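Engineer: Following the hints, put chain B in place on chain A, whose structure we already have.
Protein chains in written order, with this note's numbering: chain A, 1 to 114; chain B, 115 to 226.
Hints in this document: simulated from the structure, not taken from any laboratory.
Just so you know, nobody snuck in bad clues.
List of simulated lysine-lysine pairs, DSS-like, C-alpha gap at most 30 Å:
hint	chain 1	residue 1	chain 2	residue 2
1	B	K150	A	K9
2	B	K150	A	K57
3	B	K170	B	K184
4	B	K182	B	K150
5	B	K170	B	K150
6	B	K184	A	K57
7	A	K57	B	K182
8	B	K184	B	K150
9	A	K57	B	K181
10	B	K170	B	K182
11	A	K57	A	K9
12	B	K170	B	K181
13	B	K150	B	K181
Partner residues are not named here, just some residues of chain B that face chain A (Cβ under 8 Å, in silico):
hint	residue
14	Y145
15	A155
16	G156
17	L157
18	L159
19	F202
20	R206
21	F214
22	F216
23	P218
24	G219
Predicted, not measured: the structure shown is a model, and the values here were computed from it.
By construction, the Cβ of each residue, glycine as well, lies at the ideal position given by its N, Cα and C atoms.
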Amino acid sequence: DSGVTQTPKHLITATGQRVTLRCSPRSGDLSVYWYQQSLDQGLQFLIQYYNGEERAKGNILERFSAQQFPDLHSELNLSSLELGDSALYFCASSVDPNPLNEQFFGPGTRLTVL
Amino acid sequence: GEDVEQSLFLSVREGDSSVINCTYTDSSSTYLYWYKQEPGAGLQLLTYIFSNMDMKQDQRLTVLLNKKDKHLSLRIADTQTGDSAIYFCAEREDNYGQNFVFGPGTRLSVLP
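Isolated chain A, as found in the complex:
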């Protein structure tokens, strides 16, 4: 158990819908990362937050957005969903953005878009 929690574990929805994925980082970790893992694209970094502020952006679509709240939990919002958005979405946390600090990964949320 990494100490990072993600909800829900599974999510099934239809094209065109909007969903919110939630992540609670390990106690004491200020930095949160979101990743998408799909068969087509492999593992891709989406976005990083540090202490409530966006720190780095990866291959995140405009239809997707995220935020980190004052209590440090983070949400990833996916809208106008397409079939190709079906994937495993991971959240990870670390103490701070230092590249030497290990990122601890949550168990993931499996999104299925029908």
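Structural biologist: This is chain B only, laid out in the frame that chain A set:
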């Protein structure tokens, strides 16, 4: 753009050594990582190496870096069935705001 490549599959016999290879294109990469993903789980950091190092050893794991050829390898000595997993190579620049780029992952199967 940045690209990281790995072979997709590797099978070894229990007790043998496994060598997983990775090539990357970004010459400004400062940190190179190996992650392990077991079935149904998230990623677990195994080890990392700075781009100014040639080798790093950590118990059964040895990382070799050829910066000239942009080639990274992970050697697992005395491979066990518990080592069966997908192994991802990743690179990152020396910038707190820089994102990670991951390879496609190598599925290691350890045969008894």
